[in-house]
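Chains as they are written, first to last, in this note's numbering: chain A, 139 to 365; chain B, 466 to 852; chain C, 3 to 245.
The reader is advised that the hints may include incorrect statements.
Said to hold, decoys possible - Below 27 Å or equal to it, Euclidean Cα-Cα: the simulated DSS-like pairs (lysine-lysine) are: (1) A/K282 to B/K493; (2) A/K364 to B/K494; (3) A/K210 to A/K315; (4) C/K161 to A/K147; (5) A/K143 to A/K210; (6) B/K737 to B/K748; (7) B/K494 to A/K210; (8) B/K623 to B/K583; (9) A/K206 to C/K158; (10) B/K493 to A/K364; (11) B/K494 to A/K206; (12) C/K161 to A/K143; (13) C/K85 to A/K282; (14) A/K282 to B/K494; (15) A/K283 to A/K364; (16) A/K210 to C/K161; (17) A/K283 to A/K206; (18) A/K283 to C/K161; (19) A/K147 to C/K158; (20) A/K210 to B/K493; (21) A/K282 to C/K161; (22) A/K283 to B/K494; (23) A/K147 to A/K282; (24) C/K85 to A/K283; (25) B/K623 to B/K494; (26) A/K147 to A/K210; (27) A/K283 to C/K158; (28) C/K161 to A/K206; (29) A/K206 to C/K85; (30) A/K282 to C/K158.
As the list claims (entries may be wrong) - Residues on chain A that point at chain C, a partial pick, calculated with CB under 10 Å: (31) G181; (32) I296; (33) V299; (34) L313.
Derived by calculation from the structure, the hints in this document are not laboratory data. These numbers come from a predicted model, not from an experiment. Note that beta-carbon positions come from the ideal geometry of N, C-alpha and C, so glycine has one too.
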Amino acid sequence: MTVFKFALKRSFSNIANLVFLTLFPVACIFLPRGEEWPFLPYGYQYFGIIILFIGIRLAAIILEDREKGVVKRLAVAPISHFNYLSQNLLAYSVILILQCAIVVYGGVLFGQELYQPGWLFLLYVSFSFASLAIALAWISIYRKKDVAFLIYMSLIFIVVVLGGLIIPVEMFPDLLKRMAVILPTYWLGQGLNWVVFGEEILDFLIINGVLWLYTIVFVVIGSTRKI
Amino acid sequence: MAIYNSIRCNWKHEENLVGNEQGARWMKKLMEPYVFVNAWRFLMVGVLIHLWIIGDSMSSSFILILLLLITTSLRWRFPLPIWFVFIDVFICSLYFPYTAISYYGLALPIFELARKGKALFSLVLFSVLFFTSVSSSILFWFFFQALFFGVFSYIAIKNQEEYRLDVDEQRRARYELEKIKTDLLEANQLVSQEAELMERYRISRELHDHLGHDLTGASLALQAYEYVQDPKEAETLLQEVKNRLERSTKNLRETVHNMTPITQIGVERLEKIMQSFYQVEIKYQKSGNMLTVPAYIWGLLESCLKEALTNVARHSNATKVEIDLQVTESIVRLSIQDNGTVKKNSLSGSGLRSLQMRSRSMGGSLAISNRENGFILVCVIPLEKES
Amino acid sequence: MRVLSTIKFTALRMIRNYIVLILLLVVPIILITFFSFILSGVVTENGVPYINENAMIMVLVFQLFGGSIVMYLIYHDLFTENKMRMYALPFNQTMYAFSIMLCGALYSILLGILLMVYSQFVLGVIWKNWFWMIYIISLMAILSIIVCLIFTFSVKNYKIAERLSELYGVGFVVLAGLFFPLPRNAIFDFLGSYGNPLTLSMGAIRDMSLTNTSSAWFQANILLGVIAILFMVMLLLGRRRIG
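Produce the entire structure from the sequences given, and follow the hints as far as they go.
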């Protein structure tokens, strides 16, 4: 588990990452409630956006490896690509799960009304995995870290708005409403709604299932070894 | 010397190739049939998503599309066995009661079956047309185009495999030929050395047989002459010595005459070629000991000279050719320079290339370059020290 | 003025940087289009269609990020990669830095105007006063460039300077209360009104369209004053690093 250990260490190594990985999630806990919408406090509505950013920041470490030729060296080292990738992803997942736990249970301690924190935590974890997988697939296209990050950033703006995290989906015109379903952020929004109003557990499981399917699709696409 | 120009152009061309390597590699990647197969697969998923958006099925039926997307991306990443299409069929059949998209989704397994050359099996899936509630005529054409493209890619990929095998075979054959060629050139050199040794041996035996006998006799007779007191006997001995020397002189002359080749070799041969070339004025210089150059090198130099002069006569507008032949202790250098100007659209210089190869096989080099005042060919061959 | 001859190439380099184009032109176009779909028919309390308001906000928000390209060019030309080459050239490096700033400002304004043109002719947004809008856009663009350069000059690590410039953009958008309402206290009130270039410029444009000219000029002049002060700061900081 050497790769795992170092992936954890590297994730916290530079200041920008440290801010992304600790400060932003913690700040989410303290954001106020909305009046009519969103139903959860703003911090919890927008935590999805932060998860997307964290996903690309973590995955960009793999891209950095490729940029600096570490992957080339790993190719001749006695470690398989699968090993390298899975341990990296495991480390990132651990970080993301920890964050989700801090945000959700920190909120509970702080006294935010979160309705069903357990399910909320599960939802964030599912979405974190989907976000990580998408970021992984995204970086497999690029060779330059900055380019990948900047373009992904603009993509996040669009996906977040179109997925209904910033504006409720109900306001969308019909066609956009149906197009929103394609985006993982839509399912996160639906999950957040379920946490507030939901009763049928099956609906929630389907929502999580979809996020897991997205994870599988993008991990399959993103796990190609590029040197 | 237009042919030099053409070779130069070839070099330029190769440089360009290196420059555009990235682009060429991209082009090559795009030309692969597999790219189109994968693009078709993902396009089909795109079509399904489109159908989902314009349709009115439930959000949960979007999972069908996600599942098909997973199988598609798995196919993109790994070569999957043919039975994997059953999973697609199974996923689709689960959704038959809920959404019409599941029927359209069957296009994917139809395509995969056809792509693996099992087009007949995929016809079974067409039977769905009789049970479906959606517009079966459109569905038929949708299936049909999947089948059609599947068969097409099956043929394309199969052909590509065959071509690839064929090309590999030919490449191997070419490498073998090239190897044989270099072997031959080396053998040529060896044979020439061998021949020289044999010739030397023959000469030494000839000299030994014809001259040695008489000269030894003469020498012995002269030694005996010093001890002989009787003048009459001395007279006969001297006469004997004289006879023997005369005979050996005659023998030597005959031997040399017999052994001198009638055909010209070496530098004389080169000079002969120059003399018979009357189209352009030739300025000729030589220096060094020509006899140290072995015969096989002369053969190459002769070919070089011939090729260069032919090129001047055929392609160039030169009026003057300077030829310089230098022999030092370690190398032979032949330089041929003209004052012609560049001419485009020249033929390929296969003759020069084979000369380059021959000189390389002797450890030397043949360089051609274009200067402002004409073309220059320089052939340098190292001389082997006799051990 | 040898620097003049470099302007053409500076402009070309800016236009060729496709990431900036995506971030500052394509994304806002998509967002404006999307919002105009959602918000079509919605009217604010002043009777103005909400898309006008939204398009204005979008154009101004993306001006906050306009300084990044200038920052990038100055950092690469005068601090790192091309530093030696630039200092070997027979021209005034300070003037060169100013020419890059000028180009960047013009480029950023141009992108803003493109957005306005697009929203007017494609989406039917009505801009009441084009000149006032362009004036405010120019102020925002120049301010953003100056702020970015202050970050570049004062922070050793360029990566951190970049993050700070992003924080400047995102932070003021958040402080303007566009994402979520902020708690009401003196500090946030100030940063959500007169302490925030985004709200200042938005206020200036709104007031101008309501023919509330004096208030509009007042807010625009605050921006101008801030630009003047920060320009001095930038000069002081920049003198240590350039020339």
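Hint check results:
In summary, the hint linking A/K282 to B/K493 is supported, as the alpha carbons are separated by about 23 Å, within the 27 Å threshold. A C-alpha spacing of about 15 Å is found between A/K364 and B/K494, which places the hinted pair at or below 27 Å, so the restraint holds. Distance check on the hinted pair: A/K210 and A/K315 sit about 45 Å apart at the alpha-carbon level, beyond 27 Å; violated. Note on C/K161 and A/K147: the hinted pairing holds, with a Cα-Cα distance of about 20 Å set against a maximum of 27 Å.
Straight-line distance between C-alpha atoms of A/K143 and A/K210 comes to about 20 Å, which keeps the hinted pair within the 27 Å bound. Restraint check: the Cα-Cα separation between B/K737 and B/K748 comes to about 14 Å, which is no more than 27 Å; the hinted pair holds. About 22 Å separates the Cα atoms of B/K494 and A/K210, which keeps this hinted pair within 27 Å; it holds. With a C-alpha separation of about 13 Å, the suggested pair B/K623 and B/K583 falls inside the 27 Å cut-off, and the hint holds.
Restraint check for A/K206 and C/K158: the C-alpha separation of about 23 Å stays at or below 27 Å, so the hint holds. For the hint pairing B/K493 with A/K364, the CA-to-CA distance comes to about 18 Å; that is within 27 Å, so the pair holds. Distance check on the hinted pair: B/K494 and A/K206 sit about 25 Å apart at the alpha-carbon level, within 27 Å; holds. Straight-line distance between C-alpha atoms of C/K161 and A/K143 comes to about 25 Å, which keeps the hinted pair within the 27 Å bound.
With a C-alpha separation of about 23 Å, the suggested pairing of C/K85 with A/K282 holds against the 27 Å cut-off. Using a Cα cut-off of 27 Å, the hinted pair A/K282 and B/K494 holds, with the two alpha carbons roughly 21 Å apart. Among the hinted pairs, A/K283 with A/K364 is consistent with the structure: their alpha-carbon atoms are about 14 Å apart, no more than 27 Å. For the given pair, A/K210 sits about 26 Å from C/K161 by alpha-carbon distance, which is consistent with the 27 Å threshold.
For the proposed pair A/K283 and A/K206, the alpha carbon gap of about 11 Å is at most 27 Å, so the pair holds. A C-alpha spacing of about 13 Å is found between A/K283 and C/K161, which places the hinted pair at or below 27 Å, so the restraint holds. Taking the CA atoms of A/K147 and C/K158, the gap is near 24 Å; set against the 27 Å cutoff, the hint holds. Annotation: proposed proximity of A/K210 to B/K493 holds, straight-line Cα distance about 24 Å (limit 27 Å).
Annotation: proposed proximity of A/K282 to C/K161 holds, straight-line Cα distance about 15 Å (limit 27 Å). Straight-line distance between C-alpha atoms of A/K283 and B/K494 comes to about 24 Å, which keeps the hinted pair within the 27 Å bound. Only pairs whose Cα atoms come within 27 Å are accepted, and A/K147 paired with A/K282 is accepted, the gap being roughly 22 Å. Restraint check for C/K85 and A/K283: satisfied, since their Cα atoms lie roughly 24 Å apart, inside the 27 Å limit.
With a C-alpha separation of about 17 Å, the suggested pair B/K623 and B/K494 falls inside the 27 Å cut-off, and the hint holds. As the CA atoms of A/K147 and A/K210 are separated by approximately 21 Å, the hinted pair is consistent with the 27 Å bound. For a cut-off of 27 Å, the pair hint linking A/K283 to C/K158 stands: about 21 Å separates their Cα positions. A distance of roughly 17 Å separates the Cα atoms of C/K161 and A/K206; the hinted pair therefore holds under the 27 Å criterion.
For the suggested pair A/K206 and C/K85, the alpha carbons sit about 24 Å apart, so the restraint of at most 27 Å is met. For the hint pairing A/K282 with C/K158, the CA-to-CA distance comes to about 23 Å; that is within 27 Å, so the pair holds. With a least beta-carbon distance of about 9 Å to chain C, the hint placing A/G181 at the interface is held under the 10 Å criterion. For A/I296, the interface hint holds, since its Cβ comes within 10 Å of a Cβ in chain C; the closest pair sits about 6 Å apart.
Given hint, A/V299 at the interface with chain C, holds; its Cβ is 6 Å from that chain's nearest Cβ, closer than 10 Å. Look at A/L313: its Cβ gets to within about 9 Å of chain C, closer than 10 Å, so that hint holds up.
Hint violations for this structure: number 3 only, all remaining hints satisfied.
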